[in-house]
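Once you know that position 195 of the sequence shown is 195 in this note's numbering, the rest is easy, because the numbers rise by one and skip nothing.
Don't take each hint at face value.
Ranges of calculated distance between the beta carbons of each label pair, as one might list FRET restraints [said to hold, decoys possible]:
#, residue 1, residue 2, range
1, 97, 256, 42 to 48 Å
2, 306, 33, 49 to 55 Å
3, 11, 368, 57 to 63 Å
4, 15, 306, 54 to 60 Å
5, 40, 80, 41 to 47 Å
6, 306, 117, 32 to 38 Å
7, 243, 133, 35 to 41 Å
8, 31, 306, 32 to 38 Å
9, 243, 388, 27 to 33 Å
10, 133, 390, 39 to 45 Å
The list that follows gives simulated cross-link-like pairs (lysine to aspartate or glutamate, EDC-like), each with its CA atoms no further than 20 Å apart [to be verified]:
#, residue 1, residue 2
11, 261, 80
12, 116, 80
13, 36, 68
14, 325, 117
15, 35, 19
16, 44, 186
17, 21, 39
18, 263, 249
19, 111, 39
20, 241, 292
No lab work stands behind these hints: they were computed from the structure. A virtual CB, placed ideally from N, CA and C, is assigned to each residue, including glycine.
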Amino acid sequence: MASVRKRTLPSGKAVWQVDYKDQTGHRRSRQFRTKKEADAFETKARAEVAVGIHTPDSVSVTVAAAAELWIKAGQTDGLEASTITQRDQHMRLHIVPLIGETKLSQLTTPKVEAFKDELVRTRSRQMARAVLTSLKGILKVARRKGLIAQNPAEAVSVDKRRIEDEEDAPIPPKADIRALLAKVPETHPLSRVTLGRWVAGQGRPQRIAPIPWRPLIVTAIFTGMRASELRGLRWSNIDLKAGLIRVRERADRYQKLGPPKSKAGRRDIPLAPLVVNTLKEWRLVCPNTELDLVFPSEQGSVILHTNLLRQGYYPLLRACGLMAKEATDPPYPFHSLRHAAASLFIEAGWGPKKVQALMGHSSITVTYDIYGHLFPSPDDDREAMAQLQARLLGGPS
């Protein structure tokens, strides 16, 4: 039996107190500022006790403690090191500072909404969405462990202006893409003479060092592959005779190889003749590595993403006059090459489902959200039919 009563504290402050027994028969109480809040809790507690899912404040854990359990669960499940690191960053930098001390029993949907609003106000929308997803994961694990009865974050969301990370990158005009393709052989030859390590009595001997930037950038422009997929590409997943790349792996921020993050990321991409010829030429000088990498570092390992940008992409932009020498932010991030490829696919007449498959999007909604404005409109279709009629029968189109 639960009851709500008004109580005056020794300090003279008046509160509304709910007295009740939990499902184990222990007496519990909780105080509120208003009778409305007390009545709402009494109704909620009575319903939860009736079905045996009530968690009193005194035995409830904090969001911070639940987040630690979530990270440990990920480690037990064998998640990638990069994913564990991201979870830890979300917990330390965004979740714990805002709601870490809140007990799970006191975390309501309105409180999660307020948390989300603060994230959107103080962080990027992409970060807010990612952190909210992490909070949902924390509460999902907590519910699985019996620490909460319901997930109060389940119905909370950040408006989806863009679906996938980095998809806000602009689409470069074709003139700039042509400039990149024309300049890349000059800026990035397939090999160069470098000085090796110091040898006593010999100084620093010269050696030929293969440079992967030209074939990597050409492949990126015509395939739309993500940087992580290019960095993790192996020769065994390229069929130059058939003109095909099979995307089966990606490299994370720690240079470790693993499968694509989603089932849709596993896909086959046809190659343009320029890509086939460039890769054939590159294959002749590409060093053999233990990992069989198509674009290895000088040490034969997975190339660093920062090196791809600073040594490969940015120098090419500067050589084309698209980025000032002293600039640190490019007009088009490397991800824009992915957009360039998608726009070429659409211009070639490939439909949304085909483009979705080639880009590795998880759903057709993602494809439309990003590239919907590039697909032909109904007006374009009507104009095309009018032109078809004119060519067949003559007369005005």
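Now the hints, each set against the structure:
1. Remark: the range hint 42 to 48 Å for residue 97 to residue 256 is contradicted by a beta-carbon distance near 29 Å.
2. Residue 306 and residue 33 have their C-beta atoms about 52 Å apart, which keeps the hinted 49 to 55 Å range intact.
3. About 60 Å separates the C-beta atoms of residue 11 and residue 368, a value consistent with the hinted range of 57 to 63 Å.
4. Range check, residue 15 to residue 306: about 56 Å between beta-carbon atoms, so the 54 to 60 Å window is met.
5. A beta carbon spacing of about 42 Å between residue 40 and residue 80 agrees with the range 41 to 47 Å that was offered as a hint.
6. Checked against the hint of 32 to 38 Å, the C-beta distance between residue 306 and residue 117 comes to roughly 34 Å, which is consistent with it.
7. Separated by about 38 Å at the C-beta atoms, residue 243 and residue 133 satisfy the suggested range of 35 to 41 Å.
8. The given range of 32 to 38 Å is broken by residue 31 and residue 306, whose C-beta atoms sit roughly 54 Å from each other.
9. About 31 Å separates the C-beta atoms of residue 243 and residue 388, a value consistent with the hinted range of 27 to 33 Å.
10. For residue 133 paired with residue 390, a C-beta distance near 53 Å fails the hint of 39 to 45 Å.
11. For the hint pairing residue 261 with residue 80, the CA-to-CA distance comes to about 10 Å; that is within 20 Å, so the pair holds.
12. For the suggested pair residue 116 and residue 80, the alpha carbons sit about 26 Å apart, so the restraint of at most 20 Å is broken.
13. Among the hinted pairs, residue 36 with residue 68 is inconsistent with the structure: their alpha-carbon atoms are about 34 Å apart, more than 20 Å.
14. Of the pairs offered as hints, the one joining residue 325 and residue 117 is violated, with about 39 Å between alpha carbons and a cut-off of 20 Å exceeded.
15. At most 20 Å may separate the alpha-carbon atoms for a hinted pair to count; residue 35 and residue 19 meet this at roughly 13 Å.
16. Annotation: proposed proximity of residue 44 to residue 186 is violated, straight-line Cα distance about 71 Å (limit 20 Å).
17. Restraint check for residue 21 and residue 39: the C-alpha separation of about 15 Å stays at or below 20 Å, so the hint holds.
18. With a CA separation close to 11 Å, the supplied pair residue 263 and residue 249 stays within the 20 Å bound.
19. This hinted pair checks out: residue 111 and residue 39 have alpha carbons roughly 18 Å apart, not beyond 20 Å.
20. Our distance criterion of 20 Å between C-alpha atoms is met by residue 241 and residue 292, whose separation comes to about 18 Å.
In summary, the structure is inconsistent with hints 1, 8, 10, 12, 13, 14, 16 from the numbered list given earlier, while agreeing with the others.
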